[in-house]
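Visitor: The residues making up each chain are set out below.
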Amino acid sequence: MKTFRILYFLSFIVLFPATAFSGVEINEFSSAEQEREYKKLVNELRCLVCQNQNLADSNSELAQDLRKEVYQMLEKGNSNDEIIDFMVARYGDFVLYKPPFKPVTFLLWLGPFVLLFLAVLVVAYMIKNNQQAEVVTLDKDEKLRAEKLLNADAENRNNEE
Amino acid sequence: MWRYLLPLVLFSVLVVFLSIGLYLDPKKVPSPLIGKPAPSFQLPELQYPDQVVVPERYKQKVWLLNVWASWCVSCRQEHHVLNRLAKEYNVNIVGLNYKDKRADGIRWLEQRGNPYIANAFDEKGRAGIDWGVYAVPETFIIDHKGFIRYKYTGPVSQMVVENEILPLLRKLRSEVGL
Numbered sequence: 001m002k003t004f005r006i007l008y009f010l011s012f013i014v015l016f017p018a019t020a021f022s023g024v025e026i027n028e029f030s031s032a033e034q035e036r037e038y039k040k041l042v043n044e045l046r047c048l049v050c051q052n053q054n055l056a057d058s059n060s061e062l063a064q065d066l067r068k069e070v071y072q073m074l075e076k077g078n079s080n081d082e083i084i085d086f087m088v089a090r091y092g093d094f095v096l097y098k099p100p101f102k103p104v105t106f107l108l109w110l111g112p113f114v115l116l117f118l119a120v121l122v123v124a125y126m127i128k129n130n131q132q133a134e135v136v137t138l139d140k141d142e143k144l145r146a147e148k149l150l151n152a153d154a155e156n157r158n159n160e161e
Numbered sequence: 001m002w003r004y005l006l007p008l009v010l011f012s013v014l015v016v017f018l019s020i021g022l023y024l025d026p027k028k029v030p031s032p033l034i035g036k037p038a039p040s041f042q043l044p045e046l047q048y049p050d051q052v053v054v055p056e057r058y059k060q061k062v063w064l065l066n067v068w069a070s071w072c073v074s075c076r077q078e079h080h081v082l083n084r085l086a087k088e089y090n091v092n093i094v095g096l097n098y099k100d101k102r103a104d105g106i107r108w109l110e111q112r113g114n115p116y117i118a119n120a121f122d123e124k125g126r127a128g129i130d131w132g133v134y135a136v137p138e139t140f141i142i143d144h145k146g147f148i149r150y151k152y153t154g155p156v157s158q159m160v161v162e163n164e165i166l167p168l169l170r171k172l173r174s175e176v177g178l
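Order-wise, the sequence lines are chains A and B.
As numbered in my numbering, residues 1 to 161 make up the first sequence, in order.
As numbered in my numbering, residues 1 to 178 make up the second sequence, in order.
Next up, chain A with everything else stripped away, as it sits in the complex (with noise of 0.2 Å):
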């Protein structure tokens, strides 16, 4: 009886696909092209609602629209330069995940590549001051004052056992 049950809800799974429910419109494209143009733009762009999602992931009803908008755009011919530039005229360049490379971007493009190199530049450092430390030079008085230290240091720990 148990088992019927665990399969009655199973079938449920296997029958209504998360992506059943998801919100991507069933689209007719002219061309396979057009489709994977489509796809590709609707990954790019960033829903504004949800902020961390792209239009292809995103439910809120913006989102909708802004899909059915490239799926009207395609089909008219546009390119896709021509519907990012749409998208970044009524939106801002944030509808983008790949933000352009421009003097205000530019932190964010060479940061990570100012940040390595900088990181290189303390390690070399640190490199260098540790070999430099390793080449003290003692001379003689200081050679035996040290063996004494030792030595005496040994002592103390044969006689402690």
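What the hints contain is simulated information worked out from the structure, not anything from laboratory work.
Do not rely on the hints blindly, as some may be mistaken.
[What the hints assert, rightly or not] Once the Cα atoms are required to be at most 27 Å apart in a straight line, the calculated BS3-like pairs of lysine-lysine come out as:
hint, chain 1, residue 1, chain 2, residue 2
1, B, LYS145, B, LYS87
2, A, LYS98, B, LYS87
3, B, LYS61, B, LYS87
4, B, LYS27, A, LYS102
5, A, LYS68, B, LYS124
[Stated by the list, open to error] Not everything, but these chain A residues come out facing chain B in the computed CB check (under 7 Å):
hint, residue
6, VAL49
7, ARG90
8, PHE94
9, LEU96
10, PRO100
The structure presented is a predicted model; accordingly, all values stated were derived computationally and were not measured.
We put the beta carbon where it would ideally sit given N, CA and C, even for glycine.
Please build the complex by placing chain B on the supplied structure of chain A, with the hints as guidance.
Guide: Same frame as chain A, but now just chain B:
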């Protein structure tokens, strides 16, 4: 000396950056439309369906475009502020009733007062896309030449009105001697 100070300095820089980050609102995305001509639309009036609302009609005027909807919760919060703005300060506010049902929109105005000189009924939200609307309510200020000069995302409070909207309106009006 530097050896010990450097981590402290780095730490302070980090603290400064992070604390600025705490006070930034990620929902406030700067609009690329500021300084650009107001996007056009041609939409039926909410209460008078046979009339058409066109933004070009308000050229020569300094006006506000307020995007609202009856389903929008924070629009309730700002509505009395808009009522006051229209009544006490004589500000021309045009409404863009965004993705709403006509009957709901009309009932809203009847119940809460109508601060708008006209309301464009944007049922499909297509005009909203042209204006880069992504979070209702949104408020734009358009100068007498028809250029967008300011945008506020979220419910307008009396403080925003006094600190940002009214000073800008005064400035824009003095630009043309209105």
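Visitor: Are the hints correct? Go through all of them and say.
Guide: Tested hints:
1. The straight-line distance between the Cα atoms of LYS145(B) and LYS87(B) is roughly 24 Å, inside the 27 Å bound, and the hint therefore holds.
2. A threshold of 27 Å between alpha carbons decides the hint, and for LYS98(A) with LYS87(B) the separation of about 46 Å lies outside it, so the pair is violated.
3. Restraint check: the Cα-Cα separation between LYS61(B) and LYS87(B) comes to about 17 Å, which is no more than 27 Å; the hinted pair holds.
4. Note on LYS27(B) and LYS102(A): the hinted pairing holds, with a Cα-Cα distance of about 23 Å set against a maximum of 27 Å.
5. For the given pair, LYS68(A) sits about 11 Å from LYS124(B) by alpha-carbon distance, which is consistent with the 27 Å threshold.
6. The criterion of a C-beta within 7 Å of any C-beta in chain B is met by VAL49(A), whose closest approach is roughly 6 Å, and the hint holds.
7. Hint status for ARG90(A) relative to chain B: holds, with the closest Cβ pair at about 4 Å, below 7 Å.
8. Interface hint status for PHE94(A): upheld, as the beta-carbon distance to the closest one in chain B is roughly 5 Å, under 7 Å.
9. Interface hint at LEU96(A): violated, since its Cβ lies 12 Å from the closest Cβ of chain B, which is beyond the 7 Å cut-off.
10. The interface hint given for PRO100(A) is violated, since its Cβ lies 12 Å from the closest Cβ of chain B, which is over the 7 Å cut-off.
The structure shown violates the earlier hints numbered 2, 9 and 10.
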